[in-house]
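**Q** Sequence:
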Amino acid sequence: MRINGFVMAFLLLLCVKNISAQRFGAGAVVGVNMSQIAGDEMAGFDKFGVVTGLHGTANLVEKLDLNVEFLYSVRGSRPGVFNPSIDPDINITLKYLDLPVYVTYNDWYDEEKGYHKAYLLGGFSYGRLLDVTTSDNFHDGEGDLDTLVEFFSENDFSWLIGFGFRLHKRFEIQFRYTSSINLLLDAEKHDLNTFSLRTFFITLRGEYIF
1 MRINGFVMAF LLLLCVKNIS AQRFGAGAVV GVNMSQIAGD EMAGFDKFGV VTGLHGTANL
61 VEKLDLNVEF LYSVRGSRPG VFNPSIDPDI NITLKYLDLP VYVTYNDWYD EEKGYHKAYL
121 LGGFSYGRLL DVTTSDNFHD GEGDLDTLVE FFSENDFSWL IGFGFRLHKR FEIQFRYTSS
181 INLLLDAEKH DLNTFSLRTF FITLRGEYIF
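Using the numbering used here, the first residue of the sequence shown is number 1, and each one after it goes up by one.
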């Protein structure tokens with residue numbers, strides 16, 4: 001199973017950390033996703049959900065690190081936070097196990113403190129859908145999302161970019177944008193008379209480095 005392979009690789013990275021602290025590192029992550037779904041007839045990053053998990057990193061060459069994460073991530077869509085009456089009465093909650101793999105380019109080295117204070121990142125992520133909750137009081141018939149959950153893809157492949165700042169050698173904050181490559185709901189594939197759905201989200205998070 002694909003997830004088991006990623007989990008084994010992540011655990012191996014955490015174990016190797018103890019062998020060479022200068023080349024390998026690990027940390028704990030907690031933050032918030034602000035997400036939306038293209039095709040749900042709403043706009044805005046109004047769905048808030050928790051993201052938390054573990055992060056492993058390996059230094060490849062000077063300034064360049066390889067990163068692997070094991071995350072629980074909640075995203076979806078909902079009516080606008082400030083003007084909910086304007087949007088359709090639809091609420092979608094998606095719970096994922098995410099396995100991002102990405103590289104970071106580190107810069108702004110602080111010689112006194114001994115670490116880089118900023119970085120850029122880019123990479124890809126695989127997500128496995130764990131649970132779906134929908135409440136659609138807007139559509140009727142074939143477009144009712146409550147009846148379309150069975151057609152939602154269990155696998156999510158995404159690309160991601162972002163940046164981060166290290167406030168301390170053991171604490172950093174990160175801003176990340178993630179967009180799905182494949183569709184959450186492929187209307188054409190399943191011959192459905194509705195819009196296809198694609199997820200994307202912004203993440204703001206903090207990390208404690210062990």
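Hints may contain errors.
Only pairs whose alpha carbons sit at most 30 Å apart, straight line, appear in this in silico DSSO-like list of lysine-lysine [as the list claims (entries may be wrong)]:
#	residue 1	residue 2
1	K189	K63
2	K63	K117
3	K113	K189
4	K113	K63
5	K169	K63
6	K117	K189
Hints were generated in silico from the structure; no laboratory data involved. As the structure is a prediction and not an experimental result, all values here were calculated from the model.
**Q** With reference to the structure, classify each hint as holding or not holding.
**A** Hint by hint, here is what the structure shows:
Using a Cα cut-off of 30 Å, the hinted pair K189 and K63 is violated, with the two alpha carbons roughly 43 Å apart. Straight-line distance between C-alpha atoms of K63 and K117 comes to about 11 Å, which keeps the hinted pair within the 30 Å bound. Under the criterion of a C-alpha separation no larger than 30 Å, the hint pairing K113 with K189 is inconsistent with the structure, at around 54 Å. Restraint check: the Cα-Cα separation between K113 and K63 comes to about 16 Å, which is no more than 30 Å; the hinted pair holds.
Between K169 and K63, the direct Cα distance comes to roughly 15 Å. Compliance with the 30 Å bound is thereby established for this hinted pair. Taking the CA atoms of K117 and K189, the gap is about 46 Å. The hint is violated against a cut of 30 Å.
Hint compliance for this structure: hints 1, 3, 6 are broken, all remaining hints hold.
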